[in-house]
Structures are given as C-alpha cells and as structure tokens.
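Protein chains in written order, with this note's numbering: chain Z, 1 to 210; chain D, 1 to 430; chain H, 1 to 70.
A few of these clues could be false.
Restricting the straight-line Cα-Cα distance to at most 25 Å, the calculated cross-link-like pairs of lysine-lysine (DSS-like) are [claimed, not checked]: (1) H:K50 with H:K67; (2) H:K39 with D:K190; (3) H:K67 with H:K39; (4) H:K39 with H:K50; (5) H:K67 with D:K190.
Read the hints as simulated data drawn from the structure, not as lab findings.
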Amino acid sequence: MSSTSLWYATRASGLMAMILLTLTMVLGLVTTTRARARNWPGFAQQEIHRRISMIAVVFLGIHVLTSVLDTYVNISWAAIVIPFTSSYKSFWVGVGAVALDLMIAVFVTSLLRARMRPGTWRAVHWLAYLSWPVALAHTFGMGTDAGESWVVAVGVLCVASVAAALAWRVRTAGRQSSVRAAHASLAEVPPKHLALTQSTAPPPGARRVS
Amino acid sequence: MSPNASETMPVTGRYRLLGHPTDLEGHLTALGPAPLPSGRQRGWREWFVSVLEASGLAGRGGAGFPAAIKLAVAHAAGPGGTVVVNGMEGEPASDKDKLLLIRAPHLVLDGAQLLAAASGARSVTVAVPQGREHVAAAVLAAMAERARTAHAPVPEEMVRPPDRFIAGEESALAAWFETGRSLPSFRPDKGTALRIGRKGALVQNAETLAHVAMIARTGPDLFRAHGLVEDPGTSLVTISGSVEHPGVVEVDRGTPIIDVANRATPLGPPQALLVGGYGGAWVGPDQFATPYASLSLRAVGATAGVGIVIVLGRDVCGLMETARVVHYLAGQSAGQCGPCVYGLPAIADDVTRLARGHADPGLLARLERRLAQVEGRGACRHPDGAVNVARSALRVFADDVRRHAAGTVCEHWNRGTQLRFPTVLRAAAS
Amino acid sequence: MTVRILIDPVACDAYGYCAELLPEAISLDEWGYPMVDGKPLPADLLDIAKRAARDCPRRAITLRERKGGH
Chain Z
1 MSSTSLWYAT
11 RASGLMAMIL
21 LTLTMVLGLV
31 TTTRARARNW
41 PGFAQQEIHR
51 RISMIAVVFL
61 GIHVLTSVLD
71 TYVNISWAAI
81 VIPFTSSYKS
91 FWVGVGAVAL
101 DLMIAVFVTS
111 LLRARMRPGT
121 WRAVHWLAYL
131 SWPVALAHTF
141 GMGTDAGESW
151 VVAVGVLCVA
161 SVAAALAWRV
171 RTAGRQSSVR
181 AAHASLAEVP
191 PKHLALTQST
201 APPPGARRVS
Chain D
1 MSPNASETMP
11 VTGRYRLLGH
21 PTDLEGHLTA
31 LGPAPLPSGR
41 QRGWREWFVS
51 VLEASGLAGR
61 GGAGFPAAIK
71 LAVAHAAGPG
81 GTVVVNGMEG
91 EPASDKDKLL
101 LIRAPHLVLD
111 GAQLLAAASG
121 ARSVTVAVPQ
131 GREHVAAAVL
141 AAMAERARTA
151 HAPVPEEMVR
161 PPDRFIAGEE
171 SALAAWFETG
181 RSLPSFRPDK
191 GTALRIGRKG
201 ALVQNAETLA
211 HVAMIARTGP
221 DLFRAHGLVE
231 DPGTSLVTIS
241 GSVEHPGVVE
251 VDRGTPIIDV
261 ANRATPLGPP
271 QALLVGGYGG
281 AWVGPDQFAT
291 PYASLSLRAV
301 GATAGVGIVI
311 VLGRDVCGLM
321 ETARVVHYLA
331 GQSAGQCGPC
341 VYGLPAIADD
351 VTRLARGHAD
361 PGLLARLERR
371 LAQVEGRGAC
381 RHPDGAVNVA
391 RSALRVFADD
401 VRRHAAGTVC
411 EHWNRGTQLR
421 FPTVLRAAAS
Chain H
1 MTVRILIDPV
11 ACDAYGYCAE
21 LLPEAISLDE
31 WGYPMVDGKP
41 LPADLLDIAK
51 RAARDCPRRA
61 ITLRERKGGH
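Use the sequences and the hints to build the structure in full.
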C-alpha cells in the first residue's frame with residue numbers, strides 16, 4: 001500500500017472511530033435504573049452500545065495499524081501504547097496513546113465482565129469518561145484535517161451530543177431517587193398526626209413478674 | 001441425663017425461667033451447675049443433642065426455627081466460631097430479653113456455653129444495643145462473676161451494635177461484626193450457616209439460650225410437660241397496650257391468647273390483640289381463644305413471632321394504630337431492597353389515608369395489590385412483617401375499613417397511641 | 001430437572017433488562033423491581049434466561065437447578 005493510501009486510511013478510520021466512540025458514549029450515558037417504569041428498552045440499548053463499541057474498536061485498530069505501517073512518518077509500535085515516545089508529533093500522538101490505553105482497559109474488562117466483581121468493572125468502565133475527551137483532543141491536536149470546516153462541524157456535533165447526554169444523565173440521576181436516597185428520606189420523623197410517642201410503661205425489672 | 005450427672009436433680013416441679021436467683025451463687029444453689037462436658041468427655045455431645053432434639057425447643061427470637069437443627073448446621077460449619085447471644089430485642093413492645101439478661105443472665109450465658117461446647121465454638125459474644133446501659137451493666141457484672149470463679153469454659157464478651165429494629169435480625173447482626181453496618185443478607189438457602197469472617201456464628205435469641213440451659217439440667221420431659229406436642233414448653237411474653245399491669249409473663253405455649261392478655265388485666269374488653277410484635281398480626285375477638293402457638297396462630301393469619309401481645313382498647317382506632325406501625329416499620333428498613341424501601345412507605349401512606357378517611361376509590365384495590373407485590377420480595381422478613389400487620393388489620397377491622405373508605409372515621413381516630421415507639425427514630429443503617 | 005430464576009433483592013437496582021428479555025417469567029412492580037412467579041422455567045426460555053443472568057448489570061440473577069421436576 002502506498003504511503004498516501006495508508007495516510008488516508010489512518011485519517012478516515014480515526015475520524016470514524018471518534019464518531020463511533022462518541023455514539024458509544026451517548027448510548028452509555030443515557031441509561032437509568034427503574035427506567036422500565038417508563039417503558040424504555042434498556043437491554044436493547046445496552047446491546048447496541050456494546051456492538052457499536054466493537055465496531056469503533058475495529059476502526060480504532062485500523063487507525064493504529066495504518067499509522068504504524070505508514071513509513072512516511074515514524075511511529076513505532078511501542079509509541080502507540082507508551083505515551084509521548086513517538087518521534088513524530090510526540091505530544092499529540094502521545095495523547096492518542098493515552099486514550100488508547102484507557103480504551104484497552106475498558107474493553108478488556110468488559111470482555112471479562114462476568115469474571116470480576118461488579119464494583120471493579122464499574123470503576124474501570126468509568127475510565128471511558130476520561131478516554132473520550134482525550135481521544136477528541138488527539139483528533140484535533142494532530143491537526144491533519146482539523147482545519148476542514150466539515151471536520152470541525154463533526155467535532156462540534158460530538159461535543160454537543162456528549163454534553164447533552166451528560167447533562168441529561170446528571171439531571172435524571174439527581175431527580176430520580178435511588179434506593180439510598182429514598183431510604184434516607186425515611187430518616188425523617190414520621191408525620192405529626194401519627195403521634196408516635198414513647199411508651200409510658202415502666203422499665204423492665206421494676207414490675208411484678210408472675 | 002448427662003452421663004456424669006450429679007445425683008440430685010435440683011430442678012423439680014414446674015418448668016420456669018423466671019423467679020430463680022439472679023446472682024451466680026444463688027443461681028448455682030437453686031439450679032445446680034450447667035451440665036457442661038468435663039474435659040474431653042465422650043458421648044457428651046451426642047447426649048446433649050439428643051436432649052435438645054427430644055425437647056422440641058424452637059427459637060424464641062421470632063422465626064421459631066428448631067434449636068437442634070440450628071446447632072447441627074453450626075456444628076457442620078466447623079469448630080472455632082462463636083456463639084452470639086442475640087440480646088438486641090429490636091421490637092419496641094418487647095422486654096423479655098432485657099428482663100432475662102438483667103434477672104437471669106447466668107441462665108442465658110449457661111445456654112451459650114452449652115451450645116459452644118456442642119458446636120465447637122471458641123467464644124461467646126453477647127450483643128446488647130447501644131443505649132441499654134442497665135442491661136449492659138448487668139451482663140458485664142454476671143460475666144465478671146463467672147470469669148472470677150471459672151464458670152466460663154470459653155471466653156465471654158459483650159458487643160454493642162446500634163439500636164435499630166433491623167439490627168437484631170441474625171444476618172444483620174453477623175454482618176455488623178464484619179462491616180459495622182447492620183445490613184441483612186440475602187439467604188435463599190436457610191440451611192447454610194451464618195459466618196463472621198471465616199468462622200461460623202451460631203446466633204440464638206437470649207430466651208432460647210435460657211431454655212437450652214434449663215432443658216439441659218431438667219431433661220426434655222419437664223419442658224415437654226408444658227405447652228403442646230407440636231409447640232412445647234414455656235414462652236416469655238411481653239404484654240402492653242391498654243392494660244393495668246404491663247409486663248413480662250411466662251406462659252405455657254398453647255395458652256389461649258386472651259388468657260395471656262388477661263394476665264396483665266386489660267382496662268376493658270379488648271378491641272383486638274396484636275400478637276407477635278409490629279411484624280405480627282392483629283387478632284379479633286372471634287379468635288381470642290386461639291392458642292398461643294405457631295401453627296394455631298398461623299391458621300388465623302398470625303404468627304407467634306416474638307413473645308408480644310398488645311391489647312388494643314376500644315377507645316382507639318385500629319387502623320390508625322396500624323398506620324403508625326407500618327410507618328415505623330418503613331422507617332426501620334435497612335434500605336437495601338426496592339420493594340421494601342418503596343413499598344412500605346407506599347403501604348403506610350395508603351393505610352394512613354384510609355385511617356384518616358381520605359381514601360380515594362381505588363385505594364383498597366391498590367393497597368391489596370401492593371401488599372401482594374411487597375410480600376416475600378425483600379432479603380429478610382422485615383417487609384413481610386409490615387404486610388402481615390396491614391393485611392390482618394384489613395381483616396380484623398373490616399367494619400372500620402368499610403366506614404373509613406366511605407369517609408366516616410371513628411370518633412377516636414385522632415387519639416394518642418396505645419403502642420410503644422422509640423422517641424428518637426433513626427433510619428441510618430450504620 | 002427444573003430451573004428457577006432467583007433474584008437477589010439486595011443486588012438488584014431495577015435496570016429492568018431481565019423483564020425486557022423474559023416477559024413470560026418476569027414482570028415489574030410499580031417501582032420497577034422484578035417479580036418472578038417462582039414457577040419452573042420452560043425449557044425453550046432457558047437460553048434467554050442465561051443471557052439475562054449474564055447481562056444483569058448488578059449480577060443479581062442466578063438460575064437454580066433442582067433434580068427431578070416439581
């Protein structure tokens with residue numbers, strides 16, 4: 001493959017991966033518990049979230065592979081996972097490497113989800129919240145197509161959709177009482193009209209025993 | 001009898017837990033020493049298990065689980081665990097365990113030592129809630145007496161979990177030891193032993209242990225001479241409510257519940273009896289002759305539960321009292337399971353509306369649906385208790401239900417409560 | 001051999017995926033929490049049940065086997 005084709009492939013697959021990762025983020029953010037009370041197909045959504053993430057990974061793989069194979073610029077295999085070690089644009093390639101590392105962690109733990117404690121899996125999956133902005137920074141920091149207006153438009157759309165999804169999630173999670181929150185509200189003293197008062201019975205030991 | 005029993009059988013006549021001396025010396029003089037194994041006495045365990053099985057002793061902490069089976073399960077879990085004396089007594093209307101720990105601590109501790117010897121446990125731990133300082137002091141004094149005179153084969157100690165209704169539930173108590181939070185666990189297999197860390201834990205109610213200590217001394221027959229074949233022995237019952245002499249009495253199992261209530265001299269003919277505690281059930285006058293026994297009570301929609309009988313006078317509204325009970329239970333949820341956390345307040349709300357005469361047309365159907373939905377869907381039996389008491393109220397106070405649903409409340413619906421609730425209500429599990 | 005669905009109410013956070021996959025055996029109460037009817041699972045639903053158990057975000061579902069039908 002000519003260097004030019006590889007270069008186009010790197011850029012195209014990179015952009016595709018960014019778009020698909022954004023879609024994955026949005027689908028992952030727009031979930032709540034107790035949503036079925038409103039008839040929302042949560043399982044189907046989770047499935048789509050997973051499958052799109054897999055397609056994103058494929059494009060990401062192509063992006064990474066072609067960038068290493070392209071001899072025009074020098075990016076070693078090591079540089080794609082060890083940040084800031086590439087000789088070509090070491091900072092922004094390094095940012096990409098950070099994003100890739102985070103995504104590998106998220107991906108691998110999701111594959112092994114059944115074998116780990118739910119708490120551990122959740123903690124690692126939260127790294128996705130970090131990897132997405134890092135990937136976006138890499139996309140525009142590399143600068144290759146960042147000047148194109150349509151690319152900028154795509155970037156703006158990505159940011160807007162994730163921001164909207166995040167805002168929705170924060171608002172819904174805050175408004176919808178979790179079990180913990182509902183339970184905490186029970187801590188308040190019951191309504192006055194129930195008139196729960198202390199017993200007037202004498203303490204034990206002070207009474208006649210048969 | 002124990003293979004190495006002393007010649008005299010010190011306890012004769014009626015079987016009873018209450019009325020014996022409290023101090024260690026008096027206790028030993030009146031009842032003799034606990035028949036613990038001496039050294040590596042062969043055959044002791046088999047003898048003790050056979051006595052316990054023959055007695056038919058069931059737990060007095062609310063579940064009524066056979067003591068011999070619980071011992072077998074704990075023994076199978078291996079040695080080195082602990083026997084936990086459950087003195088938590090979370091039911092506000094119950095005083096029997098407090099009374100036992102103050103008046104007969106040596107009986108309770110003897111029972112724990114006997115179970116420790118039979119299960120291979122290496123310690124005895126008494127759980128007394130924070131805030132019950134007079135009980136704690138009495139237990140500590142008794143433990144000191146025993147330690148001083150070498151009457152504690154395995155070490156005895158006391159712990160002070162928080163004073164919450166759910167903290168006495170046995171899996172919540174075991175969890176508190178490990179995590180400091182009184183949270184019940186989901187135990188679909190009742191046959192598995194409780195654990196604290198890697199060690200087994202045999203959790204038994206204080207009264208059950210007192211019975212163990214008596215039965216080991218007297219043999220099973222004296223215990224069985226009281227009560228019924230299917231529910232033998234005696235039980236401590238706390239009677240409260242609209243009575244002249246509230247207190248703790250010892251009754252034979254199978255005594256008609258009205259006779260139990262009458263021991264406390266009700267102020268007038270009772271409107272209803274609340275049997276088994278706040279998670280128990282109301283029983284109406286047409287069933288006052290029901291024997292105080294597990295099967296008999298179950299047949300009328302109640303449970304023996306914890307030894308509690310509350311007399312409801314005629315000058316208060318049963319629905320209003322039920323609303324208070326369900327609100328209290330809702331606030332005491334451990335907060336782990338959706339059906340309990342959401343369901344109990346919803347049920348409490350429906351019962352309150354009914355009691356206040358603010359029922360909408362769909363209320364009764366909705367309440368029935370919610371009761372059916374919540375029942376059995378928690379990790380522990382806490383929500384089931386609330387369902388029991390609400391359902392029994394609908395049945396026993398049916399006339400009131402009809403009137404209140406139509407908008408006519410009783411004249412005394414707004415009276416203060418005849419029931420006991422703690423003044424400070426805290427919902428936090430930790 | 002019969003298989004029953006068992007849901008751990010402490011772990012459950014009412015995502016509702018199980019009821020979505022298995023409406024024949026699991027329905028939701030008014031607060032979004034699953035209710036299982038307790039009857040043995042028909043054989044043709046077994047694969048879906050395993051899926052539901054595997055994909056529950058809180059791992060609250062287990063499938064209980066018992067030898068001999070009842």
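Which of the listed hints are not met by the structure?
-> none
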